[in-house]
Every structure is written in structure tokens, then in C-alpha cells.
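Residue numbers (my numbering), protein chains in the order written: chain X, 27 to 350; chain Z, 70 to 356; chain V, 336 to 811.
Hints may be right or wrong, so weigh each one.
Subject to a maximum C-alpha distance of 30 Å in a straight line, what follows is the list of computed BS3-like cross-link-like pairs (lysine-lysine) [what the hints assert, rightly or not]: (1) X:337 x X:211; (2) Z:82 x Z:348; (3) V:792 x X:81; (4) X:255 x Z:117; (5) V:768 x X:295; (6) V:768 x Z:348; (7) X:81 x X:109; (8) V:792 x X:337; (9) X:81 x V:374; (10) X:81 x X:211; (11) V:768 x V:374; (12) V:758 x V:768; (13) X:337 x V:483; (14) V:575 x V:792; (15) V:374 x X:335; (16) X:295 x V:338; (17) X:335 x V:768; (18) V:575 x Z:348.
What the hints contain is simulated information worked out from the structure, not anything from laboratory work.
Treat the numbers as computed from the prediction; the structure is a model and nothing was measured.
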Amino acid sequence: MTTLEGVDLPPAGGVDLQSVTRDEAALRRFLHGLPGVDQVGAEGRAAGLATRSIKTSAKAWAIDTAISMVDLTTLEGADTPGKVRSLSAKAIRPDPSDPTVASVAAVCVYPDLVETAVRALRGSSVGVASVATAFPSGRASLETKLHDVRDAVAAGATEIDMVIDRGAFLAGRYLQVFDEIVATKAACGNAHLKVILETGELVTLDAARRASWLALLAGGDFIKTSTGKVTPAATPGVALVMLEAVRDFRAATGELRGVKLAGGIRTSKDAIRYLVMVNETVGDDWLTPDLFRFGASSLLNDLLLQRHKLKTGAYDGPDYVTVD
Amino acid sequence: MSEPRLRVRRTAKLYVKGAFPRSESGRSYPVHSASGELVAHAAQASRKDVRDAVLAARGAFGGWSAATAYNRGQVLYRVAELLDGRRDQFVAEVREAEGGSGDDAAALVDAAIDRWVHYAGWADKYAQVVGATNPVAGPYFTFSLPEPTGVVGVIAPQDSSLLGLVSVLAPVLTTGNTAVVLAAQDRPLPAVSLGEVLATSDVPAGVVNILTGFTAELAPWLASHRDVNAIDLTGVAAADRAALEVQAADNVKRVHSPRAVDWAAEPGRSRLDAFVETKTVWHPIGV
Amino acid sequence: MAKFEYAPAPESRDIARLRPSYQIFVDGRFRDGRGEAVKTINPADEQPLAEVAEASPEDVADAVAAARRALDGPWGRTSGADRGKYLFRIARAVQERARELAVLESLDNGKPIRESRDVDVPTAAAHFFYYAGWADKLGHAGFGPDPKPVGVAGQIIPWNFPLLMAAWKIAPALACGNTVVLKPAETTPLTALVLAEIIAEADLPPGVVNVLTGGPAIGQAIVESDVDKIAFTGSTEVGKIIRRTLAGTGRRVSLELGGKAANIVFDDAPIDQAVEGIVNGIFFNQGQVCCAGSRLLVQESVVDEVVASLQRRLATLRLGDPLDKNTDVGAINSAEQLARITELTDSGVAEGATRWSPPCEVPPRGYWFVPTVFTDVAQAHRIAREEIFGPVLSVLTFRTPDEAVEKANNTPYGLSAGVWTEKGSRILSMASKLRAGVVWANTFNRFDPTAPFGGYKESGFGREGGRHGLEAYLDV
Chain X
27 MTTLEGVDLP PAGGVDLQSV TRDEAALRRF LHGLPGVDQV GAEGRAAGLA
77 TRSIKTSAKA WAIDTAISMV DLTTLEGADT PGKVRSLSAK AIRPDPSDPT
127 VASVAAVCVY PDLVETAVRA LRGSSVGVAS VATAFPSGRA SLETKLHDVR
177 DAVAAGATEI DMVIDRGAFL AGRYLQVFDE IVATKAACGN AHLKVILETG
227 ELVTLDAARR ASWLALLAGG DFIKTSTGKV TPAATPGVAL VMLEAVRDFR
277 AATGELRGVK LAGGIRTSKD AIRYLVMVNE TVGDDWLTPD LFRFGASSLL
327 NDLLLQRHKL KTGAYDGPDY VTVD
Chain Z
70 MSEPRLRVRR TAKLYVKGAF PRSESGRSYP VHSASGELVA HAAQASRKDV
120 RDAVLAARGA FGGWSAATAY NRGQVLYRVA ELLDGRRDQF VAEVREAEGG
170 SGDDAAALVD AAIDRWVHYA GWADKYAQVV GATNPVAGPY FTFSLPEPTG
220 VVGVIAPQDS SLLGLVSVLA PVLTTGNTAV VLAAQDRPLP AVSLGEVLAT
270 SDVPAGVVNI LTGFTAELAP WLASHRDVNA IDLTGVAAAD RAALEVQAAD
320 NVKRVHSPRA VDWAAEPGRS RLDAFVETKT VWHPIGV
Chain V
336 MAKFEYAPAP ESRDIARLRP SYQIFVDGRF RDGRGEAVKT INPADEQPLA
386 EVAEASPEDV ADAVAAARRA LDGPWGRTSG ADRGKYLFRI ARAVQERARE
436 LAVLESLDNG KPIRESRDVD VPTAAAHFFY YAGWADKLGH AGFGPDPKPV
486 GVAGQIIPWN FPLLMAAWKI APALACGNTV VLKPAETTPL TALVLAEIIA
536 EADLPPGVVN VLTGGPAIGQ AIVESDVDKI AFTGSTEVGK IIRRTLAGTG
586 RRVSLELGGK AANIVFDDAP IDQAVEGIVN GIFFNQGQVC CAGSRLLVQE
636 SVVDEVVASL QRRLATLRLG DPLDKNTDVG AINSAEQLAR ITELTDSGVA
686 EGATRWSPPC EVPPRGYWFV PTVFTDVAQA HRIAREEIFG PVLSVLTFRT
736 PDEAVEKANN TPYGLSAGVW TEKGSRILSM ASKLRAGVVW ANTFNRFDPT
786 APFGGYKESG FGREGGRHGL EAYLDV
């Protein structure tokens, strides 16, 4: 009953999306002309979706799907090749005791460890994502940021997670943000580009909606909530607004773009709630790792524990999954 | 026949930020019953304990003042429920502290429990009673509503160790303030026990902080503290109030300085009114 | 086949502790009514749930006499503070038995467990909490220093929110010192009878609350009895009959009747939230809500976008087993109500409106009506004028704020209205011009014990909730 067949999608509103990025004024008019988001209503809707009760077969499907959507992440100053190799092994085979558990979508590391990850993941289906553009603050010259991206791509990254310049966005210099995304996209070559909005610093849902459209107009393959270094990170309200943006972008252009939620998603319950939100907001076309991801580290083990619980009927402890 | 069981005595501690520290000063002072027997050594708080308590109260203010009035009412009612469950303990402590008969003490404790219920009911009524829309002469919608003042320093009455304490503390909390309370100097034990009740009810840590010690030593630190928004001088002798009011003027504290209070009487609204600000909002009306 | 099929997640029926039979509650005792023994039906499968021995006119007389004795006796002597403490006990007991009450409500009424669990039962408990707090503060309520109760109140409530309406009626009445004779609707008596059990366990003196089940004849007997006041929630038609019956008796009356609310969406509205508000406005409780936003007035410049978004959203509504935690749209309460909804929607098609429903499977048994949206609706159509009391939305358009006000007010009803716009001054301007007792702005169907609720015009008079709700039960 959640398919959208037989339902007409809303019209694009007659906006020529080519022309809205023509200059600063046009871009501002377009972004400020987007319908507002009522925070209370949006968060209420998100909370309502969170009351869905996902049981038995639906839960098993959701857990397996969520595992396949994880970007297994380590972004610490203390990261080493050893840590990345260990994480990569876990990414390929999350549960050593059960080969039916699928690999995760990607491993996400800093640029200098991409090479290690590429070597460790060779022959597997797991992608290598790298944060770049002076992650997480993005406070560097454009040239430095693009250099960061080229480094990562040259080392074999298949996905680039960039950060937008939140300072420029909050100061209203939208075209600057737009141009930087376009330049980053160009530097990515064949690598997929995920655009991190860092919604915790944008604060309002109106800003999250504008930033989402900005990133989509600039050619981001994914829009991503957060770096994971700022609180709050992914919240239900933000996720809803970003999903609505890709939904409306599809209605306007026919193109399907992805959403990645990162930061603060630690439990299976949270992950399943977000899958419900995807299902009921944008539809099940998005229920694939190609269009929806979780950026997380501890989430994977909780998904595995819940998977054990469903299979065996007994609760497991943390000693029954691998630490990384 | 065996020996009577040896009782385990409680250490009377402070209640700050949801925990039970001893005074940072390491001091304590003897507490005597109404009949003059030594019953405990209570923590003797210092100015640094006052400072810690104010920090805790300020930290808790955001959450407590933003909680819905309904939620605050539920929390205050929960205090009454838990206090009722420990009624016998409080009757014994109040009798020990204030003397009189068991029935007298029981009446005081019952009234104290019911006072929490009374104020629980005020939480979501108060704005309805004192708030207003203002029929201004122009195309504007304006309304005025009460908001909590902030951190309130409460010097609890010296005579009424539980009913008086609850009667001064509950109204401060009802409207969304947080409190630093100086318990009755010579009768502090019911206040110490009330802290234990509050800690196990749903009152968030830091919303209420209870210090025991010497009023004359601690009250000036509360009165002069620039991050305390209001002070209740109920437990200060009339002759000592002027000096504290002078100190309170430094950051324009709201000062509540009532004359003798009959704790058994209907409380009325004055203690609620004492620790609120009125906010008026204007908005144009037009298509 | 959808990728993500939600497996059934039914709440257990056992939680309701359903008994084979239920009794009326008179003078502190449960006993068989002397009227007919009637089976109450689960509207989701048309199977009987329990047998209820309904009241007779003699039982009404007993209940009114018991209420009078309690008023003149123990209850009249009870202090405000103690009345409050009784009400706090009831509130806590409703919270403690929330899940039981929610399941029972969904079984008896057909509403989704999500709503009975998240709205009906918690709001009922909150209502008792709120009025508990007033009982010792009536002197602060603005009705004089020591206002007195009206006396014995006869209270007749509908089937759409059985427990919640009982709470709306009983809580303020007791807070003000009245005693009551309450009649729940014939098709939904069960939660009111469990509430009677809660009241008995709270040790209220006998006769303070009496609960009589029965049909219109029992309602009429209460209206014609020796009560001091009638509080009625239900149809405008019956409200008028009650008002006529009480003419000249000097007895007090408050009426909360039908509605045909306009939900007005401007072109600068937060569209995604407006769509949620429209859905909540008309499909909450299967549209069986007197304040339902049954007329959607959309500014013409955004009507295509709004209707398309609305249709897309409706495709995700899940209709079915009320006890399934994922059900959004439950069963219609009775065959009679279903017939009325069907007749009115048929008239919509006949009068030329365009009917649309999402693809939706309907269970084989039970009373079901698929969410329905009419576009191309004219102000003159019956579906734009008559209260349907079902999941049926009529979409009309407007060009200017003045036209929106004119159309919204062009009804004999005046219970509620909705306004959707990001512009604050427009909200306040619209609110001041709408002839309705409740105006929701950028939200809809919000209920809170602190907020007065009630209608203008043929939607009734008197307010329930808030400080204003006390007036109906005070001799002022």
C-alpha cells in the first residue's frame, strides 16, 4: 500500500532549474521561494512515523537492508592502517559466524588512508568513501579542498564526502557554496559525491531544505546530514526535510538522488525508523544502498545483535560481535 | 531475648545537583531535638557550596523552565506521592525537630504533602489566571504572560521545618524557577530528608538544591550572588533583612520579604506572583 | 509488491480484559440495568464483544436520586482540596490502566490503536489531572470568591471518543462539586464502565458518579429528569431537541454539536506540513470528529500542488485492523453511520463532484470506508454543507483572504477552522474573522485540557476545557 503507482506526482511548479543558478540573485530568489518548513509540524510528522511497529519478517528484512546501507566509518586523528584494515575486514564480512550477512556499502576514511582501504577491500563489493574538502570544518581555500579531493580520488576512493562552507551559506553567499560543490563534483571524476550539509550548524529546518536544494542543483549525488563531529547530527526532522527535498527534486527533474544520514544513529531501532521514513516519504525506490546510506560505526554491531536475536530468540551481549 | 538491634544512622548531607555531597569545607555542626538531645551532625555548607548550588540551579533552569506546565505539575504531584509513602518518617523527624504531640506533627506532615498537591495543580493554571490578552487600540494582537524569574535563593523559615519549607519551595518550582534553599538552621533534618525524596522523584537534578548550615554565614553569599535572580528572606530575622536587601540591590534581585506567615492557612497566590516576570508580546493583525 | 511490507503488529486483545457482560453503575454499585440486555459490537468484524444490561427509566430515577443524595450529603461536604485529590487518583488510575483502556476503546469503537493509545487515553488522563488542580482554586477562576456547583448534572456523550468525552464531562463537574449521571453512547459503552470501576476503586462516595448505558430513550429520560443541568455532546439535531425539552425549566444546558470546519490553505503555507494537517484534520478517527476539517479551502494558485501532494500522502495511509499498531484508518463505528457516509458521498458524485480514493484493500467483514477526496466541489453541494462525519474531504478553492473567510463562514455551523500560512499577521486576521470557536493555525485537531473547546452558531454553546470549562458547572 506504500507504492506510489497510480498517483500523479506534483508538478515541478514551472520553475526552470537551469536558470535559478544563473546568478546570486536568482539563486537566492529560488531558495528563499521554497515553501517554508513548520518545525513543529515536521517534527510531529517524523515522530508519528517513528511509532510504526516493525516486527518479525519486516524487521528481518529491515535489518539486512540497513546493514547493506552502512558506510562503516572511522574518522579519528588516531586512525592507523591497522585500524582501517580491521574495519575493512568487518565491512566485507560483518558477522564472521554467518556468511549470509551481506557486506556493508562502503568504508569511510580520511584521504591518507584511502589507499589502505582500497587494498584491504580489493575484490569485494564494498566501496571506499573518503571525506575530503578539509573535513570536518571545511575552513581552507578552495584549491586546498580540491587538492584534498583529488588526492582521495587518485588513491582510489569511489565516493567523496565533501562538506559545504557553512559560513558562506549562513552569510547568504549561496552562489559561492554552489560553485564549490560544482568544482568538487568536477574534481571527483567518476567518484560519487556526497554533500555534507552539517545541519547541526544550519540549525533551522528551513535552512536544511535550502541547503538540500542547493546541493542537489549543484550536482551532488547524495545529500548527507552531518560530519558526525557536531551535535545534533542526524535528527528525524532533518532527515524528513532532506528526504522531501530529494522527493521534490525527482518530481521536478525525474532524477533520483540519494540521502545519507550520519552521526548519532547507533541502534537498530533508529535505523528501522529511518527506513520507515524513507518508505513513506520518498517511496521504496530509495530503499537501496545506491540511494540511502547510514554513516555509522557502532550501528553495525547493534544491527548484528538484533539479527542474532531474531534468529535465535535470545538476546546477545557485546562479546558476541567483533569490536571492529 | 536478644539485644535490641543496633540502628544504622544516616549521615545528613547536602543536596546539590541531584547528588548528596558533604560540605566542601568538611565542616559539620551538631543538631539537637526540640527537647535538647543531640540527634545528628549536619553538613555545614560554605560559600563554595552556595556557589556550586547556584551553578547547579542555573544549569537546570533551561530544562525546567522549558518543560510544559503539565509536565511540571506531574512532577510536583509525584513528590506528593513519594512524600506520602514516607509519611511516618517525616512525622517522627518533624516531631523531633519541632516538639509537640505526634498528632501535631502528623497534621504538619499531612499539610505539607497536600501543599505539593495544591501547587501541582497550579502549574498549568497560573498563566491562565494571571495572563491576559490586552485589547490595545490598534490592529495588534497583544498578550502578556508570566515567565519564571530564574534562579531563586530561598531562606527557609526557621520554625516550620517541613510545612514551612515546602510552602516556600513548591511555589518557586511551580512557575518554572530553580532553587537554592538554605534549610532551617537548627531544624535541618526534615529538609535533608526532603532532598532524599526529591532525588528519587522525577525532579531533574539541580532544580532544587538544599544546603544546611548557618544562615548568617550563607545568606549574604546568596543575596550578593549576581547569578541569583531573586531571593526569599522568609527565614531571616526581621532585623537582619535590610543588609541582605542592600546586597540584593546590586543586581536588582527580586526580594520577597513577608511578615509572619501562618503556614497552616490557604497559601493564596502571593508566593507564585513573587518570582515571575511578565512578558508582553505584540503582533500585527492584517492579511 | 512493495519491498518493505510491514508485518502485522497487532496489539493483544487480551489486554482489554474483556468480560462477557457489563453492568451499569448506580449509587456506588454495579448492577444489571432493568432495560434490555444489548450486545455491543466490534465494528471491525461485526462480532459481539460483550453484553450490556442497559438502564431503564427507573434506573435513571435511581441514579438521579443517588446523585442528589451524594450532593446533599458526603460530596457536598467534601473540601475542594479533597475533591482534587480524588480526581488526581482517577487521573493516575487512567494512566496506570492506559493500555487496557486503549485496547478496549479500539475494540468497541473501531478506531486505530495508535490513536486510542496516543490521543484518547492520555488526553483523558490529562483532563482529570487538569481539573483536579482547579478543585481547590475555584476562587481564583474569575467566578467570584467562592463559586458553588450547579448541582446534579446529566451528561450525554457520543461514540466517537467514548472515554475522552467521559473525562471531558466528569472531570470539570466533580472539580466544581457537582454529582453526575453519565450516559455513554449505546454503541460504545465499555470504556465508560471501566472508568466507573476506576472511580469506585478511587473510593469516591456512592452516587457522585453514576454511569447508565442505553439508547435515545434513556438519554431522553435523563433530560426529562430532575437534574439541574444537561451537558450534551452529539448531533445538532438532538441538541435542538434537548434545548426545546428544557425550555422554561430554568435548568442549565451546554451543547457541543456538529461542525463543518473549513481548513484554509494559503499559497505561502508550509505545504508539507499543511498536507499532514489536512490528513490529520479529516482522517483522524475516520473523520468521525465534530471539528473535522471536512472542507479544504485552497488558494487557487496552489490547488494542483496541494491536491497532488495530498493524494500521494493518502496512498501511504494504512486501512485495516484497528488493533494493528500500524493502522492509520480504522473501522466506521456502526452500520448506521456507514450508511450515512455512503449516502452523502453518493450525493457528491450525483451532484457532479469528482471522487478520488487511494488504492486500498478493505477487510471482508466490518464497517469500512476508504478515505475519499472530492474535488470540483461547489459551495452548494450537499458534501460541502452537511456534516458527513466520515473520512470524506471536499476540496474547494478561493482567490483572496476575504473570499476564504466568506466561504468558511458560509455554514450554519461554527465549531472550528484551520489556517495555513507562514504569515503571522494573516493568521491573526483570519482568526479574528472566522466565526468558529476554535481556530487552529498551522496545525489541526489539537486538544489540551487547558484549552477551551466549543462552537459558535449551530455547533452549540458553552465551552469545555480550560478555565472557561468551569463555568458550565458553576452556579454563576
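How the hints compare with the structure:
{"no.": "1", "hint": "X:337 x X:211", "in the structure": "violated (43 Å)"}
{"no.": "2", "hint": "Z:82 x Z:348", "in the structure": "violated (39 Å)"}
{"no.": "3", "hint": "V:792 x X:81", "in the structure": "violated (48 Å)"}
{"no.": "4", "hint": "X:255 x Z:117", "in the structure": "violated (35 Å)"}
{"no.": "5", "hint": "V:768 x X:295", "in the structure": "violated (46 Å)"}
{"no.": "6", "hint": "V:768 x Z:348", "in the structure": "holds (26 Å)"}
{"no.": "7", "hint": "X:81 x X:109", "in the structure": "violated (35 Å)"}
{"no.": "8", "hint": "V:792 x X:337", "in the structure": "violated (61 Å)"}
{"no.": "9", "hint": "X:81 x V:374", "in the structure": "violated (34 Å)"}
{"no.": "10", "hint": "X:81 x X:211", "in the structure": "violated (41 Å)"}
{"no.": "11", "hint": "V:768 x V:374", "in the structure": "violated (47 Å)"}
{"no.": "12", "hint": "V:758 x V:768", "in the structure": "holds (16 Å)"}
{"no.": "13", "hint": "X:337 x V:483", "in the structure": "violated (65 Å)"}
{"no.": "14", "hint": "V:575 x V:792", "in the structure": "holds (12 Å)"}
{"no.": "15", "hint": "V:374 x X:335", "in the structure": "violated (43 Å)"}
{"no.": "16", "hint": "X:295 x V:338", "in the structure": "holds (19 Å)"}
{"no.": "17", "hint": "X:335 x V:768", "in the structure": "violated (58 Å)"}
{"no.": "18", "hint": "V:575 x Z:348", "in the structure": "violated (43 Å)"}
Checked against the numbered hints above, the structure breaks hints 1, 2, 3, 4, 5, 7, 8, 9, 10, 11, 13, 15, 17 and 18 and satisfies the rest.
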